[in-house]
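4 protein chains.
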Amino acid sequence: MRFHVSSELKYAAMFPSTLILNVHAQRNASQVIVNEHLAVVPRIKLEEFTQEATGNRFLRLETSGHKKLTLKYSATVDCEYQTYRAGSVESTLVSQLSAATIPYLFPSRYCQSDRLSRLAWDLFGKIENPHEKVVAITDWIHDNVEYVRGSTDSMTSAYDTVTQRTGVCRDFTHLAIALCRAVNIPARYFSGYAYELEPPDFHACLECFIGGVWTVFDATRLAHLNGLIRIGNGRDAADAAVASIFGSVKCTSMTVGCQLDKGEKFQPIDRKQLNRGGVALGPGK
Amino acid sequence: MRFHVSSELKYAAMFPSTLILNVHAQRNASQVIVNEHLAVVPRIKLEEFTQEATGNRFLRLETSGHKKLTLKYSATVDCEYQTYRAGSVESTLVSQLSAATIPYLFPSRYCQSDRLSRLAWDLFGKIENPHEKVVAITDWIHDNVEYVRGSTDSMTSAYDTVTQRTGVCRDFTHLAIALCRAVNIPARYFSGYAYELEPPDFHACLECFIGGVWTVFDATRLAHLNGLIRIGNGRDAADAAVASIFGSVKCTSMTVGCQLDKGEKFQPIDRKQLNRGGVALGPGK
Amino acid sequence: MRFHVSSELKYAAMFPSTLILNVHAQRNASQVIVNEHLAVVPRIKLEEFTQEATGNRFLRLETSGHKKLTLKYSATVDCEYQTYRAGSVESTLVSQLSAATIPYLFPSRYCQSDRLSRLAWDLFGKIENPHEKVVAITDWIHDNVEYVRGSTDSMTSAYDTVTQRTGVCRDFTHLAIALCRAVNIPARYFSGYAYELEPPDFHACLECFIGGVWTVFDATRLAHLNGLIRIGNGRDAADAAVASIFGSVKCTSMTVGCQLDKGEKFQPIDRKQLNRGGVALGPGK
Amino acid sequence: MRFHVSSELKYAAMFPSTLILNVHAQRNASQVIVNEHLAVVPRIKLEEFTQEATGNRFLRLETSGHKKLTLKYSATVDCEYQTYRAGSVESTLVSQLSAATIPYLFPSRYCQSDRLSRLAWDLFGKIENPHEKVVAITDWIHDNVEYVRGSTDSMTSAYDTVTQRTGVCRDFTHLAIALCRAVNIPARYFSGYAYELEPPDFHACLECFIGGVWTVFDATRLAHLNGLIRIGNGRDAADAAVASIFGSVKCTSMTVGCQLDKGEKFQPIDRKQLNRGGVALGPGK
Chain A
-2 MRFHVSSELK YAAMFPSTLI LNVHAQRNAS QVIVNEHLAV VPRIKLEEFT QEATGNRFLR
58 LETSGHKKLT LKYSATVDCE YQTYRAGSVE STLVSQLSAA TIPYLFPSRY CQSDRLSRLA
118 WDLFGKIENP HEKVVAITDW IHDNVEYVRG STDSMTSAYD TVTQRTGVCR DFTHLAIALC
178 RAVNIPARYF SGYAYELEPP DFHACLECFI GGVWTVFDAT RLAHLNGLIR IGNGRDAADA
238 AVASIFGSVK CTSMTVGCQL DKGEKFQPID RKQLNRGGVA LGPGK
Chain B
-2 MRFHVSSELK YAAMFPSTLI LNVHAQRNAS QVIVNEHLAV VPRIKLEEFT QEATGNRFLR
58 LETSGHKKLT LKYSATVDCE YQTYRAGSVE STLVSQLSAA TIPYLFPSRY CQSDRLSRLA
118 WDLFGKIENP HEKVVAITDW IHDNVEYVRG STDSMTSAYD TVTQRTGVCR DFTHLAIALC
178 RAVNIPARYF SGYAYELEPP DFHACLECFI GGVWTVFDAT RLAHLNGLIR IGNGRDAADA
238 AVASIFGSVK CTSMTVGCQL DKGEKFQPID RKQLNRGGVA LGPGK
Chain C
-2 MRFHVSSELK YAAMFPSTLI LNVHAQRNAS QVIVNEHLAV VPRIKLEEFT QEATGNRFLR
58 LETSGHKKLT LKYSATVDCE YQTYRAGSVE STLVSQLSAA TIPYLFPSRY CQSDRLSRLA
118 WDLFGKIENP HEKVVAITDW IHDNVEYVRG STDSMTSAYD TVTQRTGVCR DFTHLAIALC
178 RAVNIPARYF SGYAYELEPP DFHACLECFI GGVWTVFDAT RLAHLNGLIR IGNGRDAADA
238 AVASIFGSVK CTSMTVGCQL DKGEKFQPID RKQLNRGGVA LGPGK
Chain D
-2 MRFHVSSELK YAAMFPSTLI LNVHAQRNAS QVIVNEHLAV VPRIKLEEFT QEATGNRFLR
58 LETSGHKKLT LKYSATVDCE YQTYRAGSVE STLVSQLSAA TIPYLFPSRY CQSDRLSRLA
118 WDLFGKIENP HEKVVAITDW IHDNVEYVRG STDSMTSAYD TVTQRTGVCR DFTHLAIALC
178 RAVNIPARYF SGYAYELEPP DFHACLECFI GGVWTVFDAT RLAHLNGLIR IGNGRDAADA
238 AVASIFGSVK CTSMTVGCQL DKGEKFQPID RKQLNRGGVA LGPGK
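Chains as they are written, first to last, in our numbering: chain A, -2 to 282; chain B, -2 to 282; chain C, -2 to 282; chain D, -2 to 282.
Note that these hints are calculated values from the structure, not bench results. In this text the structure is predicted, and so the values were computed from the model without any measurement. Among the clues, some could well be false.
Which copy? The list can't say, so a pair holds if one copy fits it or any two copies do.
Straight-line Cα separation of at most 27 Å, BS3-like style, residue types lysine-lysine; simulated pairs [what the hints assert, rightly or not]:
hint : residue 1 : residue 2
1    : Lys123    : Lys259
2    : Lys262    : Lys64
3    : Lys247    : Lys123
4    : Lys64     : Lys123
5    : Lys64     : Lys7
6    : Lys7      : Lys123
7    : Lys42     : Lys259
8    : Lys247    : Lys42
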């Protein structure tokens, strides 16, 4: 499936600062960048680098003396995905995980799985099939947490959300990751562009390592799982933030777009299908 | 310097469980394993693997039906270290950090640098020299946090310790890491064997990336910085725990040893020297 | 119903300290002290005083130079209680509450009702009958929190327990109080002696102001609601702790007893009855 | 000293709700209400009641079907205060406190003195004179916490502020109360009108029970201690909130005034004086 994605970000800097942005679509086996364009105004020092462990493509900018900054990114991306049936998925035991996957079992800044352990086992411990287990976790979050714009901030974590019961996609995702890790399912943060997301924005959801592949889930139910273009992955939002700011910079405007190519026809996957099986976006690296 | 290190761990398992242990000394450019011996009784399924990103050597064990488990590890290790003068150390700007180093600026489970930001800038923001800044941070912790065995547990984090003001080496280290990251100094967790540590135990301290190298600091002041043998490094204790347990297993006994080779003579580095300059143990990978 | 209650407490003091103990049975309209005996060894300065707002009877002790302290309290107490039918209980509106009752709607140290607001309304907001609402709250806690001795400490609060899901009577009670206040039902902490509590100990449960009276509930289900002898009430354990220590004193032994008078025959109230109606112990002052 | 105080509050109600407001000046031995006027538009059910334990005068309003509500309160109040010399103040031992004062030693919702205990003893434990001790506490807060409007919300507590290091008068006060209680000085929340407060608003500060009287302190240094008109006191903001809302009501406008009577001349007390001695506003009940 071919998508055209774009983002326009404006920043105001108080004094010379460094920004690390993560808005580029990843290049990987199941996601091909057909073409891509980046413009930063004014012309400032910038550097792109790819993180080996995740494949995330970061952009580092030095504001130097400039007070205002506009970044425009656009890309045409071909994405593939696989579906699988829940019934055929077997649990991946901890004894079978690779060294690179194990860290996604550990607690992280916004996903304190160690503190949610008993709650997770009580609620979801008895479900055997790993796909059904993650469906139960994301359904529970969908049913018990309300999506309320502005109800949380950058310090909100899964431990807060499990009690406060409000949040945005980032918070839904952190809670889902924490609950998965608590029941020994490796889970990681996914950030990306999302087709038909309303209102248009960057999106966050999660990938779980079940049946030997990273499978995507979305506790908010706001995005098509087969309409996601991967930007970044990591342990939580700390690893895959749109912007990490070192200095004094404020985002003054953000516009995000995601269009289907004219030659394509989109086949959404409905909820019934998702209960019977899942979607894998590819290796993410 | 040649050290002989050893550890003997005993576990009791309730039902079949998986353990991931991190007790092997790392192999890296500045740390050579001369010889090494591992024995696990009874004979059970075990696997050693090395994590690419950190160089940590993990041991994965399946307890299967066994109720009791004893692990003995011993090694002879040659370690090198470098010293440097504080005066010659320049700040490493965020704009100069490599992709692999940047994650050590981000908050993690036990090092919530984002929540300690204002406090860290107020206390240490004005110190220009990066070595002096980390010395000030670790001195502040040494002066304000009391080492009290048993006062904390595996869920205690830097955010707790900064107010509770008690802890053990793990807690001192988490707080130091969080404060360093808050002032934009990359910092990571170091776990290892420590010469003349009293009482003998595994030790935790931190490494900061200053002047282009990972430099070791210890807020507890309990270990010789040039008497450390690296086991693991990572964002915090979640990455470099001695044991990560999946299932139901309890540690019933732990004995740790660290001896100098007979042919060696140990030259401790005193506090005055450390205030004027630091110790780097090598790349850690 | 006539009960014989007793407690023996032993303390070790490091240096001259003050203890405020709350072990005396209250005197009030529905609880008559038939006789009572207090002995403190060695003879030290002590003072009994009754708090006007709650009726709690405190004992203040000065350890002075003494290193060891033994307190023995025993009393014979006649207790009355009323039962009522759930069907006849109407909600008490905030507009009908007295000035003295309103503070029991506010959050307190261990009962952060403000932070549990949305969760409480989601889970229990639709239940109209106030008795049924509190039964639903205490049933939910009974079903979702496990009684685990030693799993919590004196700093554990309702906000912790709602996620950790373990605790003792104090923790069950704090969580129940917080959830009640969150849905606008005044709730207070009750500490007392409890008949047939196993193992014998001081007990904590809660009273809710519904239908114009303070009605007793117990989320642990460990005590007979008509076998309780009131020691103290307050906003939470901070107000009605067995011991508040100012200085350095440790409890080295605690023995608690509660016997029925020989002339009495105890009629336990079973769970079915409690679902249909409740128990009120009297004004508590 | 004669002051003219006033407040105008506007509320918007979504559905029938109850408000409990605390804007009336207290009547007590050192504060005489010369005259007072209250107007609520539209005419709705309202009730005034005084809380026995604190002397706080609450106003309970039923919004019924009304969507908008305006309350105007004005009063002329004669206030007295006493000054005392620090040197003459002796510590009030816990053994000397009355039953009514003891609860102000206990932790409360926003003043978790139990969690700040070690920090408070480390920083302030060695100061003997109780006036100097509280001056040291409020000076420390003034020096280490920044007054930042909008940086906190109604759930922020002393435990947060001690690390976050930003807040408004409410937060400064909660932290000061918690630190005082931690070193065994009874402390309570004071809310009132404040002369020459810029910008005009309700103000919060604290009273400590030292030398046998409730003495007023202000960690923000924004108000004249002899220019305060008492509205309420309590354990923390939960007890003396301007508005406690049961239902769905939003404050849409708030105007507060505090003028000196024309016949009076105000003598501010300067900081040097406050370091040498303090101000007591009267019993507060």
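Hint check results:
1. For a Cα distance limit of 27 Å, the shortest separation of Lys123 from Lys259 qualifies neither inside one copy, at 46 Å, nor across copies, at 49 Å.
2. For the identical chains of this complex, Lys262 and Lys64 are neighbours neither inside a copy (43 Å) nor across copies (49 Å), given an alpha-carbon limit of 27 Å.
3. Only between protomers do Lys247 and Lys123 lie at most 27 Å apart by alpha-carbon distance; the minimum there is 23 Å, versus 46 Å within a single protomer.
4. Only between protomers do Lys64 and Lys123 lie at most 27 Å apart by alpha-carbon distance; the minimum there is 24 Å, versus 56 Å within a single protomer.
5. Only within a single protomer do Lys64 and Lys7 lie at most 27 Å apart by alpha-carbon distance; the minimum there is 11 Å, versus 40 Å between protomers.
6. Proximity of Lys7 to Lys123 under the C-alpha cut-off of 27 Å is found in neither arrangement, the shortest distances being 48 Å within a copy and 30 Å between copies.
7. Taking CA atoms no more than 27 Å apart as the test, Lys42 paired with Lys259 passes in neither setting, with 36 Å inside one copy and 55 Å between copies.
8. Proximity of Lys247 to Lys42 under the C-alpha cut-off of 27 Å is restricted to the intra-copy arrangement: shortest distance 18 Å within a copy versus 48 Å between copies.
Of the hints listed earlier, those the structure fails to meet are numbers 1, 2, 6 and 7, in rising order.
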